Amino acid sequence: MSEVAVSTHGVGHNNPPKGLLRWITTTNHKDIGTLYLVLSLIMFFVAGTMALVIRTELFEPGKVLVDPEFFNQMTTLHGLIMVFGVIMPALAGLANWMVPLMIGAPDMAFPRLNNWSFWILPFAFTLLISTLFMTGPAPDFGWTFYAPLSTTYGPKSTDYFILSIHLMGISSILASLNIVVTIFNMRAPGMKWFEMPIFIWGWLVTGFLLLAVMPVLAGCVTMMLMDRHFHTSFFNAAGGGDPVLFQHIFWFFGHPEVYILILPGFGIISAVIQTFSRKRLFGYHAMVYATVVIAILAFAVWMHHMFVTGAPLGAQLFFMYTTMLVAVPTGIKVFNWIATLYKGSITFETPMLFALGFLILFTIGGFSGLMLSIAPSDYQYRDSYFVVAHFHYVLVSGSLFTLFAGIYYWLPKWTGRMYNETLGQLHFWLTAISMNLTFFPMHFLGLAGMPRRIPDYALQFTDFNQIASIGAFIFGFSQLIFLYILFRACILRRGEQAPAKPWDGAHGLEWSVPSPAPYHTFDTPPKVVPAEAH
Amino acid sequence: MIYALILTQLAFILRLTFMQSWWRNAIAVLVTLLLPLPAVAASIWNMPKGVTPISHQIYDIHMITFYVCCAIGVVVFGALFYSIIRYRRSKSPTAANFHEHLWVEIAWTVIPVLILIALAIPATLLLKQIHNTQASSLQIKITGYQWKWKYEYLDEGISFFSNLTTPKDQIEGAAAKGEHYLLEVDNEMVVPTKQKIKLLVTSNDVIHDWWVPELGVKQDGIPGYINENWVYIDEPGTYRGQCGELCGVYHGFMPVVVKAVPQAEFNQWVAAHQTVKQQKAAAKAKAKQEAADKPPEKMTKAALLAIGKPKYQATCGMCHQANGQGLPPTFPALKGSPVATGPVGKNIDILLHGVSGTAMQAFGEQLDDETLASIITYVRDAWGNGEVNQKAGHAIEVQPSEIANARKE
Ligand SMILES: [Cu+2]
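Which chain is which? The protein sequence lines are U and F, in order.
Its first residue numbered 1, the first sequence is counted upward by one per residue in my numbering.
Its first residue numbered 1, the second sequence is counted upward by one per residue in my numbering.
So here's chain F without its partners, still in its complex pose:
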């Protein structure tokens, strides 16, 4: 209906503007030339149609607006080129002498207003739908961190981080780039298809923006706010997007990957996650029980370093760099850092609680005792820090039990 309305308006403008019939023919030709555009409108030239009802409607409204613009463009540019070609000096040695016409002025004020109203109606209806987050069957809290995403499935009790997995070699050109260069993560956000899923988007530090074009969702994550949006995905598949709001040095390196699976598969995924979680909890309880009986078993330095090095590179390398040099002064070097070569307590404290107001996050919430102990040991040992610590008589090795104790304080 809206289409018809717009088209009749356009026909009206066309008739008004061009009285000569050959012009109408010329425009007919132009319009037919433009019409095959949707055929070429493949993903790289245009907005993806996407896989949600909302993304479909956004696409439609985008295309309607685009065609309206094309039509106006034909009229405006037609009139412009007609004037400059027909009335160039060689064809039109003296200019006419009119400079006002009330009805024309009124016409080109009123007609655009009508076109705008015609566009505003579907836009308003769609916007209402976007805002209707009611009746969702699943709630996922999405938190932006400097340069990763955290997903929490509120009712299922599942929570994990999603980090970029593109190797540094590819970014620096030392290795061939993979198919999903910069758009690949370790843990995708897994969701069921054909379910209304409520998204609660927020941030832990600066403003981020969770955007997946094929889902038709872009929502800022703002510290102190929880913004709501929702998706309903029709087709199973993997959908990729990126952080949309400049969020610091590695803004271009925090992709969003959503994996939509049928409900049954999603249920399995949830169950698997919960089993792992239970096993971990059980193991922890058991370890605690055993610890109460006999002193905790110590990990060897070699074992700690074996875990610590890769974990450091994955978790800390983006900021402090694999060689420990950091990017001073934004990200301090850990090589020779007063913290990494000072008393161990302070070092554990910074890792657990972060430095508020800086990019140094509270890793206590993100990593378990063993991983933290391993990373700290690695940091205190690598890049010559080991020797400095040894000379000064500071401990190098940190045991998971020390982390556990520090957590209690």
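The shape of chain U in the complex, shown without the other chains:
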């Protein structure tokens, strides 16, 4: 620990270098956190635009704007970028900013590695997005890139895709390693495991999940590369390989990945709900155990994505039961949050609105998840819009809403300015209403038999698709309000001056430093008073 403190001191001046060089060479956790968040914001608008292309094409039957080939590229890149380019970097950005502040550490454990983990990403996404400007299609096989569509039949740009996945994987592995080591070794003296904020627990567990599954993803795309160029046949039936093996490997990564995307968010929600109900989190221990149980179950449910691949009865039953079990720890979390609200003294600032929005939408997503877990019904739901509705309910709420909640919550700490509350509330209401307008009708579409990933559809699906498209445009343009709010607080530096602790109900070390947080914090470790920690 002392070594780390020395090394950050070595590079650290209170006045960082000016200009571009500061951002390229920085090893400061706050700078790197900001970089991650900015990248994520840019990618959010890129992938969001793609979603609007998709929704435009689906506004009515027949060709509207793009041909099927480009449509497939849009669905693929929208998914990949939202997952790897928006949510994961945003979570890493929050971890960089907040983990040291919340555990009272001066910086991350490996500051130089930290710089590298971030700076790999812009290259990864440049590679991925550049495929749109090449001759020949960009990756067009869905974000799940099933073989053999992505191997034997994949476009030439698939190799760019493989390389960019490799880069993202390296970045994630390094970042999560850094976070895990920081949490293990750099907590302020006296902060015991069960005194860490739930956000820290969430990221700790997420870190382990990432370390476990990103190498699997790397292995998966490496096998693809081998199949494509080095005459192996891992996934090629004609060569004695097995296309279903691909799905096993992919979902062994893919399912934990889903929890990677939401566990840190659970932590944000726990913080926000206790702050704005001015009451300690109900069932802290249960929350921690539930997080760990979800993470363990994550490794035992992957085949529920493969119920219609001809899996044998025994396997289907096993994975149906384990999947249903996920509802238990998730339910515990929801119940505990509600019990935290119960008998609190609640106010509804923007972070709280997003947290409550999350609670409702995530529960709805949980319901459709429970329905999907029932294997016989899954025969009807699988690969339909019902699934699209389900995962947007859990991800838009579990990741996006929690991120919004976290950003509004900590923005005063980062910028020293209060965001504009009226605009924040407007952003929430527009986002929440349009989100439901977009994704709720998709439940009906899926149940009525509309497959996902189709650029054109039969006439009976028209009405709901039009509602969804209108909702999507409102959703998309509402995000410009968010952009303006950030612009106003970060660039224009307008808004009320924020005190060190802008929320009267907040607890935790991050509120003990001034706002905006100085470039270096906790050079000398703070003293942890048990009740402060969570």
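Please keep in mind that the hints were generated in silico from the structure rather than gathered at the bench.
Errors might be hidden in some of the hints.
[To be verified] Ranges between beta-carbon positions, derived for each pair:
{"no.": "1", "chain 1": "U", "residue 1": "F133", "chain 2": "F", "residue 2": "E290", "range": "53 to 61 Å"}
{"no.": "2", "chain 1": "U", "residue 1": "L245", "chain 2": "F", "residue 2": "A281", "range": "37 to 45 Å"}
{"no.": "3", "chain 1": "F", "residue 1": "G173", "chain 2": "U", "residue 2": "A300", "range": "47 to 55 Å"}
{"no.": "4", "chain 1": "F", "residue 1": "G178", "chain 2": "U", "residue 2": "E421", "range": "49 to 57 Å"}
{"no.": "5", "chain 1": "U", "residue 1": "I470", "chain 2": "F", "residue 2": "Q390", "range": "51 to 59 Å"}
{"no.": "6", "chain 1": "F", "residue 1": "H353", "chain 2": "U", "residue 2": "M134", "range": "48 to 56 Å"}
[Unchecked claim] Pulled a few chain U residues facing chain F out of the computed Cβ check, cut under 10 Å:
{"no.": "7", "residue": "S345"}
{"no.": "8", "residue": "T422"}
{"no.": "9", "residue": "L423"}
[Claimed, not checked] Capping the alpha-carbon separation at 30 Å, the derived lysine-lysine pairs in DSSO-like fashion look like this:
{"no.": "10", "chain 1": "U", "residue 1": "K343", "chain 2": "F", "residue 2": "K150"}
{"no.": "11", "chain 1": "F", "residue 1": "K150", "chain 2": "U", "residue 2": "K156"}
{"no.": "12", "chain 1": "U", "residue 1": "K156", "chain 2": "F", "residue 2": "K346"}
{"no.": "13", "chain 1": "F", "residue 1": "K259", "chain 2": "U", "residue 2": "K63"}
{"no.": "14", "chain 1": "F", "residue 1": "K311", "chain 2": "U", "residue 2": "K63"}
Given the structure is predicted, the values throughout are model-derived calculations rather than measurements.
Where is the CB? At the ideal position from N, CA and C, for every residue including glycine.
Based on these hints, arrange chain F with the ligand on the given structure of chain U.
Same frame as chain U, now just chain F with the ligand:
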């Protein structure tokens, strides 16, 4: 029985959660409001009930799960809204100070587990039935191709392809869309009602997925695998579905249409198919006999082109486009293609055997000699290819006999 079990559990939760009686009344009102839902649950809002015993049971289990979710939702959202309304700051200036309660934690762990067990039991039983493909009276092998389905009736010796028939004009908005836009095919899969039919689903290229909601069947067709499922259709009718797994550019354009007819009508259909097949075989044998006697009669170029053009548009147009420009580089242009303007042998070879590992299929298995000869002639003649071939001294016309010879090699 399961229903009763669930309901008693729910009543239990309700009692536990809400002690005040006006809340119970409020919930009673909500539940009665929700109950008429099945009435509105028409096809466009919900999963179709379908026409097979399995689809009925799937529907039931889907609805049970849905109602269980609704009930849980009433409890959870009730508690949530009660808390945020009752304990907003203006009504509750200071927060209480409790943050743990072991028995409550145990209760909301155990009760969900019980609900899940109650749901898992019927699901397990139904899943067992879905997997029981035994005692079927008819076997149909279904093979997905990039962007059509092939149906083979294994015991009847019938085999055909099923292609989308929606005209391009409708897709591009140049013509009004028909009633079954994108859900119509040239050859439906005809099956008898009230028979257990075994489906063997596989694929020739990428993963496809054979899905008809009203039959309650969705099964992936995976190259190298043969997946089994089955249907037993109660009512005659035409049932429409689509490919469920992203399978490339025209994934949205490979519908599944199943026509269920009474057994007698099905028998006629089989007989008609077999007669046609026999006639064809006889004609072929006769032609062979005659060919042995005198040199084969040549088809004129005009005759070849007359057959070739429409067949090209139906079979090849999706990829290489009607104007021969293709969608390069995924689907090469045939206009000016080195193959279509090169030696004729290579051209026949590609059409017969396809290019393995690409979307270009082996059409030798799908088309007869005359059709292949006509399509090749058309491709070698159209879009200016004719002139190029002429200059280079390559043949334009291809006779069915040449295809027959090439097949032998
Ligand atoms: Cu398909």
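**Asked** Of the numbered hints stated previously, which ones are contradicted by the structure, given in increasing order?
**Response** Numbers 6, 8, 9, 10 - these are the hints that the structure violates, sorted from lowest upward.
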